[in-house]
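*Asks:* Here's the letter readout for the chains.
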Amino acid sequence: GAGVSQSPSNKVTEKGKDVELRCDPISGHTALYWYRQSLGQGLEFLIYFQGNSAPDKSGLPSDRFSAERTGGSVSTLTIQRTQQEDSAVYLCASRGRTDYEQYFGPGTRLTVT
Amino acid sequence: AQSVTQLDSQVPVFEEAPVELRCNYSSSVSVYLFWYVQYPNQGLQLLLKYLSGSTLVESINGFEAEFNKSQTSFHLRKPSVHISDTAEYFCAVRAAGNKLTFGGGTRVLVKP
Numbered sequence: 004g005a006g007v008s009q010s011p012s013n014k015v016t017e018k019g020k021d022v023e024l025r026c027d028p029i030s031g032h033t034a035l036y037w038y039r040q041s042l043g044q045g046l047e048f049l050i051y052f053q054g055n056s057a058p059d060k061s062g063l064p065s066d067r068f069s070a071e072r073t074g075g076s077v078s079t080l081t082i083q084r085t086q087q088e089d090s091a092v093y094l095c096a097s098r099g100r101t102d103y104e105q106y107f108g109p110g111t112r113l114t115v116t
Numbered sequence: 334a335q336s337v338t339q340l341d342s343q344v345p346v347f348e349e350a351p352v353e354l355r356c357n358y359s360s361s362v363s364v365y366l367f368w369y370v371q372y373p374n375q376g377l378q379l380l381l382k383y384l385s386g387s388t389l390v391e392s393i394n395g396f397e398a399e400f401n402k403s404q405t406s407f408h409l410r411k412p413s414v415h416i417s418d419t420a421e422y423f424c425a426v427r428a429a430g431n432k433l434t435f436g437g438g439t440r441v442l443v444k445p
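Taken in sequence, the protein lines are chains A and B.
Plus 3 on top of the position in the first sequence (first one is 1) and you've got our numbering.
Plus 333 on top of the position in the second sequence (first one is 1) and you've got our numbering.
Just to be clear, a hint being listed does not mean it is correct.
Label-pair restraints from in silico Cβ distances [stated by the list, open to error]:
(1) A:E88 <-> B:E349: 37 to 47 Å
(2) A:K18 <-> B:S359: 30 to 40 Å
(3) A:R84 <-> B:L389: 41 to 51 Å
(4) A:R100 <-> B:F347: 20 to 30 Å
(5) B:Q404 <-> A:S90: 30 to 40 Å
(6) A:G19 <-> B:G395: 46 to 56 Å
(7) A:E104 <-> B:T388: 14 to 24 Å
(8) B:S363 <-> A:G19: 21 to 31 Å
(9) A:S90 <-> B:P445: 25 to 35 Å
(10) B:R440 <-> A:E47: 35 to 45 Å
Everything labelled a hint here was simulated from the structure, so no lab data went into it.
Note that the coordinates shown come from a computational prediction; the quantities given were computed from them, not determined experimentally.
Where is the CB? At the ideal position from N, CA and C, for every residue including glycine.
The task is simple: from the sequences and hints, build the whole structure.
*Replies:* As structure tokens, this is what we get:
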């Protein structure tokens with residue numbers, strides 16, 4: 004079956020612009036996660052959605068970052084007023100209700116110039 | 334809070350030689366441990382996991398890891414590596430909410 008997909012695969016943006024990153028989880032997966040992978044910080048948790056519960060936003064680095072998940076499926080991570088330190092690979096993962104394993108997408112490489 | 338330490342950032346190894354990647358964790362909740370592999374320019378793939386039961390877990394491509402509760406370790410081993418094993422390997426522990434806390438990663442470079 005189809006895995007987790009993310010778009011775009013690469014995004015180059017100018018400092019100060021807003022960007023939206025999209026994640027399509029595996030069909031039927033109730034949990035969705037966003038992580039960030041950067042040279043200086045490694046792999047960091049950003050935000051977690053589980054069904055209809057309030058999202059766990061404890062990993063978001065600033066209020067410029069937000070995410071939503073519509074209809075319990077597709078998720079969008081939005082970064083407002085991008086900064087150079089936002090340059091990273093943004094990874095999305097999903098998990099089934101009875102799984103412990105997270106399935107990762109290929110990531111979106113964001114470059115802020 | 335959970336944390337994961339991967340003691341080696343890079344491990345060069347010759348083809349057909351054994352390799353061990355070290356991982357130590359701390360966790361205040363039930364321990365679920367994972368090894369993920371990231372091949373060049375690709376996403377993360379699950380290599381193996383420990384949830385419960387036998388402390389030795391194996392993957393389909395020859396890797397194995399042993400959960401050691403007393404040493405809080407989950408080291409990854411392979412008795413004979415191939416060029417295709419060149420990748421970055423991440424150890425992770427499940428934190429509250431089933432989110433993962435990752436170690437810093439270990440780059441394995443297999444030389445012919």
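*Asks:* Enumerate the violated hints, using their earlier numbering and listing them in ascending order.
*Replies:* 4, 8, 10
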